[in-house]
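Engineer: For the sequence shown, counting from 1, position 211 maps to 211 in the UniProt record's numbering; every step adds exactly one.
Don't read these hints as lab results, they were simulated from the structure. Note that the structure is predicted; figures quoted are calculated from it, not measured. A virtual CB, placed ideally from N, CA and C, is assigned to each residue, including glycine. Honestly, I wouldn't trust all of these hints.
With a Cα cut of at most 20 Å, we get these calculated EDC-like pairs of lysine to aspartate or glutamate [said to hold, decoys possible]: (1) K28 to D263; (2) K203 to D154; (3) K196 to E164; (4) K94 to E81; (5) K235 to D258; (6) K94 to E38; (7) K121 to D154; (8) K28 to E47; (9) K196 to E214; (10) K34 to D49; (11) K235 to E275; (12) K235 to D161; (13) K139 to D161; (14) K211 to E239; (15) K160 to E81; (16) K85 to D154; (17) K85 to E63.
Cβ pair distances, simulated, as ranges [as the list claims (entries may be wrong)]: (18) R233 to K196: 13 to 21 Å; (19) N170 to L202: 18 to 26 Å; (20) R242 to M180: 38 to 46 Å; (21) T33 to P65: 40 to 48 Å; (22) P51 to E113: 50 to 58 Å; (23) S156 to T48: 36 to 44 Å; (24) S252 to G162: 19 to 27 Å; (25) N268 to L202: 25 to 33 Å; (26) E32 to R167: 24 to 32 Å; (27) A37 to Y74: 33 to 41 Å; (28) V100 to V191: 23 to 31 Å.
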Amino acid sequence: MKKLIALGIGLYFAQPVFAQKKLVTYLKDGAETKNPAEADYRRVISETDQPGMFSVLEFYPDETPKTEGMVSRYEPNLIYEGLLKRYNKRGLPKSAVTYVHGVMLGTASMYHENGRLATVKVYGHQAPQPGMAGQSNVKLVHAFDSTGLQTVRDGSGNFKDGPEEGRYENGLKNGLWKGMQSGFHYEETYVNGQFKSGQVTLKNGKTQKYKSAEQPPGYEPGLPAFYQYMASRIKYPVEAQRAGITGRALVSFVVDTDGSLTDIRFRNRLGYGIEDEIRRVLSQAPSWEPGRLHGVPVRVSYNIQLRMSM
Numbered sequence: 001m002k003k004l005i006a007l008g009i010g011l012y013f014a015q016p017v018f019a020q021k022k023l024v025t026y027l028k029d030g031a032e033t034k035n036p037a038e039a040d041y042r043r044v045i046s047e048t049d050q051p052g053m054f055s056v057l058e059f060y061p062d063e064t065p066k067t068e069g070m071v072s073r074y075e076p077n078l079i080y081e082g083l084l085k086r087y088n089k090r091g092l093p094k095s096a097v098t099y100v101h102g103v104m105l106g107t108a109s110m111y112h113e114n115g116r117l118a119t120v121k122v123y124g125h126q127a128p129q130p131g132m133a134g135q136s137n138v139k140l141v142h143a144f145d146s147t148g149l150q151t152v153r154d155g156s157g158n159f160k161d162g163p164e165e166g167r168y169e170n171g172l173k174n175g176l177w178k179g180m181q182s183g184f185h186y187e188e189t190y191v192n193g194q195f196k197s198g199q200v201t202l203k204n205g206k207t208q209k210y211k212s213a214e215q216p217p218g219y220e221p222g223l224p225a226f227y228q229y230m231a232s233r234i235k236y237p238v239e240a241q242r243a244g245i246t247g248r249a250l251v252s253f254v255v256d257t258d259g260s261l262t263d264i265r266f267r268n269r270l271g272y273g274i275e276d277e278i279r280r281v282l283s284q285a286p287s288w289e290p291g292r293l294h295g296v297p298v299r300v301s302y303n304i305q306l307r308m309s310m
């Protein structure tokens, strides 16, 4: 029998029809659990009067609100639409972000742990440009410290975010930025938001230069080659074949600092030995190029979607 393993990005699947007005799920570490007692939070998806739109509410175990907003899809992932509000465990605002088809677009407000406004950013339509730190289509409008003191007004001012500090002009990073992270410190130069150069000083005092503030992890031959590797190595479990089990496996793993794939988790379960087989193959996979932040390898979480069929 042949098996098909494919990247699920960009694919559309029929959503399950509501048998009732609400769909309630319990989640732990981002994956569904059948045991409400161990859940980190509860999600309630409800039909609305607006065709093709569903409300999504999430609650912490003590019933404190966690998330409220709207989605146009809820399988295999939530596709947010409009204003999405999140709250911390104290019930204080954490973020208020506008989405269009699951992509941040427009105003995004972030809050300090005490509920005070921290930053206001605006996300634009254009795609990020090479060499930009983070997303080049984002501009910082206002920033405040945890006491309410405004440090950036109308896109300009000195900004401090934990151990990192520098200056914004017209909503973009400009000039020299300095920061510390996990025992090393770095200096980066920006011109109108574009990364120009960076140098990190390691714990042993050695310095090294880097060409990008952030570099995502990657499989050196390319992602299509990685899926080909998975398809050639996975052996469809006999019990899954007998039961006629097919479907999507939503998998997450961490690309460690040495490039190995660790902390393999499943956001859903097909059962019948499928998860064990996927875990076996991922555990033996060739090393990836690790992600880097400020020139130093870091652990990065990575999500993939495997479509399993016989």
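Engineer: Tell me the numbers of any earlier hints that the structure contravenes, in ascending order.
Structural biologist: 2, 5, 6, 8, 10, 12, 14, 15, 16, 18, 19, 20, 21, 22, 25, 26 and 27
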